[in-house]
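Engineer: Here's the letter readout for the chains.
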Amino acid sequence: MSLLDDVKRGIGVFYSDENKDADVQRMIDSATSYFKGAGWDFSTLLSSKKEDETIIEGLEADKAAALAELEEEGLTEEEIAAINENIAIIESALLAAQGELEGIDVALATDAIILYCKMAQSTDPGQLTNHPVLISFIAQNRTVVTDD
Amino acid sequence: MIKFTPNTPLKFYYKGTTYVPGQGNISSWIKLESGNYDTFYCEWKGSYGDAVLAAANMGVKDFATIRTFYNPIIYEKLKTLAVVVIKNADANAIVDGEIDKNNMNVYELWGGIDNISEQNQFMEFKVRRYEGI
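Chains as they are written, first to last, in our numbering: chain A, 1 to 148; chain B, 1 to 133.
Accuracy of the hints is not assured; some may be wrong.
What the hints assert, rightly or not - Below, computed lysine-lysine pairings styled on DSBU-like, alpha-carbon distance capped at 30 Å:
{"no.": "1", "chain 1": "B", "residue 1": "K79", "chain 2": "A", "residue 2": "K118"}
{"no.": "2", "chain 1": "A", "residue 1": "K36", "chain 2": "A", "residue 2": "K118"}
{"no.": "3", "chain 1": "A", "residue 1": "K118", "chain 2": "B", "residue 2": "K3"}
{"no.": "4", "chain 1": "A", "residue 1": "K118", "chain 2": "B", "residue 2": "K126"}
{"no.": "5", "chain 1": "B", "residue 1": "K31", "chain 2": "A", "residue 2": "K20"}
{"no.": "6", "chain 1": "B", "residue 1": "K61", "chain 2": "B", "residue 2": "K15"}
{"no.": "7", "chain 1": "B", "residue 1": "K126", "chain 2": "B", "residue 2": "K101"}
{"no.": "8", "chain 1": "B", "residue 1": "K101", "chain 2": "B", "residue 2": "K79"}
{"no.": "9", "chain 1": "A", "residue 1": "K118", "chain 2": "B", "residue 2": "K45"}
{"no.": "10", "chain 1": "B", "residue 1": "K101", "chain 2": "B", "residue 2": "K61"}
{"no.": "11", "chain 1": "B", "residue 1": "K101", "chain 2": "B", "residue 2": "K31"}
{"no.": "12", "chain 1": "B", "residue 1": "K79", "chain 2": "A", "residue 2": "K20"}
{"no.": "13", "chain 1": "B", "residue 1": "K3", "chain 2": "A", "residue 2": "K20"}
{"no.": "14", "chain 1": "B", "residue 1": "K15", "chain 2": "B", "residue 2": "K101"}
{"no.": "15", "chain 1": "B", "residue 1": "K126", "chain 2": "B", "residue 2": "K45"}
{"no.": "16", "chain 1": "A", "residue 1": "K20", "chain 2": "A", "residue 2": "K118"}
{"no.": "17", "chain 1": "B", "residue 1": "K126", "chain 2": "A", "residue 2": "K20"}
{"no.": "18", "chain 1": "B", "residue 1": "K31", "chain 2": "B", "residue 2": "K126"}
{"no.": "19", "chain 1": "B", "residue 1": "K79", "chain 2": "B", "residue 2": "K3"}
{"no.": "20", "chain 1": "B", "residue 1": "K15", "chain 2": "B", "residue 2": "K79"}
{"no.": "21", "chain 1": "B", "residue 1": "K79", "chain 2": "B", "residue 2": "K45"}
{"no.": "22", "chain 1": "B", "residue 1": "K3", "chain 2": "B", "residue 2": "K31"}
{"no.": "23", "chain 1": "B", "residue 1": "K126", "chain 2": "B", "residue 2": "K15"}
{"no.": "24", "chain 1": "A", "residue 1": "K36", "chain 2": "B", "residue 2": "K3"}
{"no.": "25", "chain 1": "B", "residue 1": "K61", "chain 2": "A", "residue 2": "K20"}
Everything labelled a hint here was simulated from the structure, so no lab data went into it.
The shape of chain A in the complex, shown without the other chains (with noise of 0.2 Å):
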C-alpha cells in the first residue's frame, strides 16, 4: 500500500476524494519536511513507497519477460549474451528499488507522519505543540554529527 493510503487509514479517512486527498498529501510533505529539519530524513521514504510498487511491478514483469525470451529456441549466443545482460541491469534495478528503503524504519516513519498529521488535521492551532512523542521520534532517529 502507498503510503497515502497508511497516513489516510491511520487518520481515519476511509474514503477517496480528490480535495481530501491532496490535503493529506499536503500534509504528508510537511510532515516529512519537519522531521527532516530535525535531523530525521526520511524523504526516499516517501518517493520510494508513492512509485515503489509500479515501479518494482513493472521491473519484474521485465524480468519474467526476459526470462521468456532466453527460453525460445534458435537464438544465437550474441543475442543470448544480450538478453542475461538485460536481466542483470533489471535486477540492480529491482534491488535498488527494495534497497531504498532501507536503513529507514518504515512503521516508525510511517507513525510519525500519523502522529504530526493527527495534529495538524485539528482546527485548534494548540493542538500543533510539542508532542513529546514526536520529541521522542526525533531524539531516537535522527542523524548526529559529531564534532571531531
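Starting from the structure of chain A, add chain B where the hints point.
Structural biologist: Below, chain B without anything else, positioned relative to chain A:
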C-alpha cells in the same frame, strides 16, 4: 478533537431498490463499500442502567451509541436509506440476501446521525436492535 478507540468492526447494508418493468420495485440489501473498504471500525458503547429503562419506555430493548470516522458514503446512506448495521462484521447476519433477525449482531439506525460539529471528521449515531422493517 474527540477521542475514541475504534475497535469494533462494522459492516453496513443499505436497502437498494431497482425498478423491473412488469414487476415493479424490487428491493435488496446491498453491502456498502467505500473504495477498497467494506469493514469500518467504530467505538461501540452499549447500553445499561437508567438509559435502558428510559429506552424501554419507548419500546427499545437493546441500543448502542456508535462513534466512528466520517465517511461521506456511509453518512449519505444512513441519512437517506434504510440501513442495517452489522456489529463485529458478523458473516452470518445476512444469509442469501435475507437478514437473520435472530442474529444478535444486527442493528438498525435509531434516531439521527451527527456529523460532529459538521467538521467531516467524526460521526455519532445510535442504533437499536433490528426487528424487521
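Engineer: With reference to the structure, classify each hint as holding or not holding.
Structural biologist: A quick look at each hint next to the structure:
{"no.": "1", "hint": "B:K79 to A:K118", "verdict": "holds, 27 Å"}
{"no.": "2", "hint": "A:K36 to A:K118", "verdict": "holds, 19 Å"}
{"no.": "3", "hint": "A:K118 to B:K3", "verdict": "holds, 11 Å"}
{"no.": "4", "hint": "A:K118 to B:K126", "verdict": "holds, 26 Å"}
{"no.": "5", "hint": "B:K31 to A:K20", "verdict": "holds, 24 Å"}
{"no.": "6", "hint": "B:K61 to B:K15", "verdict": "holds, 24 Å"}
{"no.": "7", "hint": "B:K126 to B:K101", "verdict": "holds, 19 Å"}
{"no.": "8", "hint": "B:K101 to B:K79", "verdict": "holds, 22 Å"}
{"no.": "9", "hint": "A:K118 to B:K45", "verdict": "holds, 23 Å"}
{"no.": "10", "hint": "B:K101 to B:K61", "verdict": "holds, 14 Å"}
{"no.": "11", "hint": "B:K101 to B:K31", "verdict": "holds, 17 Å"}
{"no.": "12", "hint": "B:K79 to A:K20", "verdict": "holds, 22 Å"}
{"no.": "13", "hint": "B:K3 to A:K20", "verdict": "holds, 21 Å"}
{"no.": "14", "hint": "B:K15 to B:K101", "verdict": "holds, 16 Å"}
{"no.": "15", "hint": "B:K126 to B:K45", "verdict": "holds, 9 Å"}
{"no.": "16", "hint": "A:K20 to A:K118", "verdict": "holds, 14 Å"}
{"no.": "17", "hint": "B:K126 to A:K20", "verdict": "holds, 27 Å"}
{"no.": "18", "hint": "B:K31 to B:K126", "verdict": "holds, 20 Å"}
{"no.": "19", "hint": "B:K79 to B:K3", "verdict": "holds, 24 Å"}
{"no.": "20", "hint": "B:K15 to B:K79", "verdict": "holds, 12 Å"}
{"no.": "21", "hint": "B:K79 to B:K45", "verdict": "holds, 21 Å"}
{"no.": "22", "hint": "B:K3 to B:K31", "verdict": "holds, 28 Å"}
{"no.": "23", "hint": "B:K126 to B:K15", "verdict": "holds, 19 Å"}
{"no.": "24", "hint": "A:K36 to B:K3", "verdict": "holds, 29 Å"}
{"no.": "25", "hint": "B:K61 to A:K20", "verdict": "violated, 39 Å"}
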